[in-house]
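Position 76 of the sequence shown, counted from 1, bears residue number 76 in UniProt numbering, the numbering being contiguous throughout.
Worth double-checking, as some hints may not be accurate.
[To be verified] Distance windows between CB atoms, simulated: (1) N119 / E15: 55 to 61 Å; (2) E167 / L203: 18 to 24 Å; (3) V224 / A299: 56 to 62 Å; (4) A278 / A219: 38 to 44 Å; (5) Y103 / D74: 43 to 49 Å; (6) H230 / T140: 18 to 24 Å; (7) E70 / R298: 32 to 38 Å; (8) E163 / E15: 54 to 60 Å; (9) A299 / T177: 36 to 42 Å; (10) Q23 / R53: 31 to 37 Å; (11) E70 / A302: 51 to 57 Å; (12) L254 / A213: 21 to 27 Å; (13) A218 / V125: 35 to 41 Å; (14) R4 / S99: 53 to 59 Å.
[What the hints assert, rightly or not] The calculated lysine to aspartate or glutamate pairs, modelled on DMTMM-like cross-linking and capped at a C-alpha distance of 25 Å, are: (15) K69 / E42; (16) K69 / E2; (17) K69 / E41; (18) K69 / E14.
These are calculated hints, taken from the structure and not from any lab test.
Predicted, not measured: the structure shown is a model, and the values here were computed from it.
C-beta atoms are modelled at their ideal positions from N, C-alpha and C, and glycine is treated no differently.
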Amino acid sequence: MEIRQLRYFLAVAEELHFGRAAQRLHMSQPPLSVQVGRLEEEIGTALFERSTRRVSLTPAGVHLRMRAKEILEDVDAAGREMREYADGLVGRLSAGFVSSANYTVLPGVVQLFRARRENVELALVPLTSGEQFERLRAGTLDVGIVRDELPPGDAHAPALVTEVVYEERLVACVPVTHPLATRAELAPADIVEAPMIAYPRSLMPGFVDRVSAALASAARAPMVVEEVVHQETALSFVAAGVGLSVLPESVRQLVPPSIAVVPIAGSPTTRLLAAHPAGGDDHPARSAFVDCLREAARALAAARAV
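Using the sequences and the hints given, assemble the complete structure.
This is the structure we're talking about:
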């Protein structure tokens, strides 16, 4: 039994006239009669009572009319759903993000994506950049927002691509009681003289290297006294007077009155990147998410420039 045969049968069952059914199906009557006859042979029972004056349904035909209508409605619905999935209009998208994205691009991305893909379930997963790369390669994450990281080279792992979407300045977060808190800006030599709260390079090598490059002109390496995973934890140590920390400028939204945010000479920057598997896009909603990410980042940069 073929879907095509069910459509032919249902047209005749609703019209109760082979000629009108053929017109409705945009075909000639003889092939229609042949297909209905083959369906009856396959089922093993007559579906229509035929006479020179009228066509009527047999009890088996009445039952099949009901079932055929249900089946064809399900088939048509499945077709619509798959077309919507292929267009990225339905389904589920898992997106990883570093915590600092909460205070920059993420709100705008979510707003845009939900407006344009309201029937796609968006699952947001807070992860470090390294964790995102692992999950992207394992296929358990669809797209990521990472900071200053490039995928680790691994010839045996699926390839990943990254794209810079947003750039902001690095700043020094300093306890307000520290002498450096009153400076208009800090030179790298000033920063390395104070105790520092930093990220472990094993977890965030890209960002740590970015900070190291920003401080490279100093005579020595920073005095790291505490290593943390989240910038909120770094701010807690700074607020407690343990030391200073070099963080993205968007951290201004989080700092309490006990912390001063001081620009760094030379205005070094840090970047957010979109990350996703290379090659063909097997998740239609992913490209829509990345488009929203680019747009949200442009809007944020424009607002910052005002």
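Hints, verified against the model:
no., hint, in the structure
1, N119 / E15: 55 to 61 Å, "36 Å, violated"
2, E167 / L203: 18 to 24 Å, "22 Å, holds"
3, V224 / A299: 56 to 62 Å, "36 Å, violated"
4, A278 / A219: 38 to 44 Å, "42 Å, holds"
5, Y103 / D74: 43 to 49 Å, "46 Å, holds"
6, H230 / T140: 18 to 24 Å, "22 Å, holds"
7, E70 / R298: 32 to 38 Å, "49 Å, violated"
8, E163 / E15: 54 to 60 Å, "56 Å, holds"
9, A299 / T177: 36 to 42 Å, "37 Å, holds"
10, Q23 / R53: 31 to 37 Å, "19 Å, violated"
11, E70 / A302: 51 to 57 Å, "53 Å, holds"
12, L254 / A213: 21 to 27 Å, "24 Å, holds"
13, A218 / V125: 35 to 41 Å, "37 Å, holds"
14, R4 / S99: 53 to 59 Å, "55 Å, holds"
15, K69 / E42, "19 Å, holds"
16, K69 / E2, "14 Å, holds"
17, K69 / E41, "20 Å, holds"
18, K69 / E14, "10 Å, holds"
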